[in-house]
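Asker: In case you want the letters, here they are:
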Amino acid sequence: MPGLSELGRFEEPAVLVLTSLVDGPRHGYAIVKDIQALAGIRLGPGTLYATLARLEARGLIEGLPAQDRRRPYRLTGAGAELLRDRLERMESISRTGLARLARV
Amino acid sequence: MTGLLLALYPPGWRARYGVELAAHLRGQRLNARDIVDLLGGALDAWLRPQWPRRRRRAWRAALAIVLAATAVIVVAVATILWIRIAALVGLLIVLLAFLVRRGRRRGWPGPGAAGAGVPARPKDPDPEPLVATRRR
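Sequence order for the protein chains is A and B. Count along the first sequence starting at 1, add 115, and that's the number in this note's numbering. Count along the second sequence starting at 1, add 3, and that's the number in this note's numbering.
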């Protein structure tokens with residue numbers, strides 16, 4: 116399975132979007148609001164839809180039928196697996212970094 | 004302004020995401036950063052189009068069919084050529100065998116004679132007579 120690192124500059128937005136969809140299906144505007152509340156980052160509309168297109172093309176999310184011209188997206192099993200792997204690695208790096216900082 | 008920015012995206016991309024991006028932008032005041040972000044998104048969509056998986060599979064299937072057809076044609080041509088080459092070699096062998104046989108009939112020593120690696124058989128000094136004489 117290809118990793119998120121192949122997404123280049125869209126890697127970080129992809130992690131944020133996938134994290135936002137763990138709670139359940141959301142459409143673009145709700146994803147932006149959730150990420151803003153979660154991480155204090157505001158994704159621009161161009162970045163958001165470039166990220167959604169990449170994630171959908173790789174089968175990590177899937178679009179549901181549109182509601183009032185807004186299409187909700189849902190996390191797939193492959194997307195959840197990839198996100199879990201990524202967050203575990205981030206947690207490991209974070210733990211190691213904080214432990215080293217504590218010794219300084 | 005929104006319509007103009009959306010028009011910068013490729014038609015295929017607009018067909019898939021245009022309506023929802025327009026709905027996403029509706030009611031929002033676009034600032035300069037959003038406009039730059041959308042321009043970057045349009046450029047990215049042209050330069051690195053992201054195809055849905057189904058289309059990618061269809062594209063791969065089409066490529067596989069083309070490659071398979073090419074392989075079949077190459078094998079068929081190679082087989083025909085091989086058959087022709089084999090037929091030509093067979094014909095040459097038959098012709099060579101015919102020439103060797105004809106050469107032997109005319110006294111040509113041919114391969115295996117003296118001077119051609121196989122020594123000539125020495126003449127028998129006291130050959131037995133073909134018809135034995137009875138001694139009394």
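Hints are computed from structural coordinates only; laboratory data are not their basis. Keep in mind that the hints are not guaranteed to be accurate.
What the hints assert, rightly or not - From the structure, some residues in chain A lie toward chain B, with a derived Cβ separation under 8 Å: (1) G139; (2) P140; (3) R141; (4) G143; (5) Y144; (6) A145; (7) G161; (8) T162; (9) Y164; (10) A168; (11) R169; (12) A172; (13) R184; (14) R186.
Every residue gets a Cβ at the ideal spot worked out from N, C-alpha and C, and that includes glycine.
Asker: All hints are to be evaluated individually against the structure, with a verdict given for each.
Answerer: Hint check:
no.: 1; hint: G139; verdict: violated (18 Å)
no.: 2; hint: P140; verdict: violated (13 Å)
no.: 3; hint: R141; verdict: violated (12 Å)
no.: 4; hint: G143; verdict: holds (4 Å)
no.: 5; hint: Y144; verdict: holds (5 Å)
no.: 6; hint: A145; verdict: violated (10 Å)
no.: 7; hint: G161; verdict: holds (3 Å)
no.: 8; hint: T162; verdict: holds (6 Å)
no.: 9; hint: Y164; verdict: holds (5 Å)
no.: 10; hint: A168; verdict: holds (4 Å)
no.: 11; hint: R169; verdict: holds (5 Å)
no.: 12; hint: A172; verdict: holds (4 Å)
no.: 13; hint: R184; verdict: holds (4 Å)
no.: 14; hint: R186; verdict: holds (5 Å)
Hint violations for this structure: numbers 1, 2, 3 and 6, all remaining hints satisfied.
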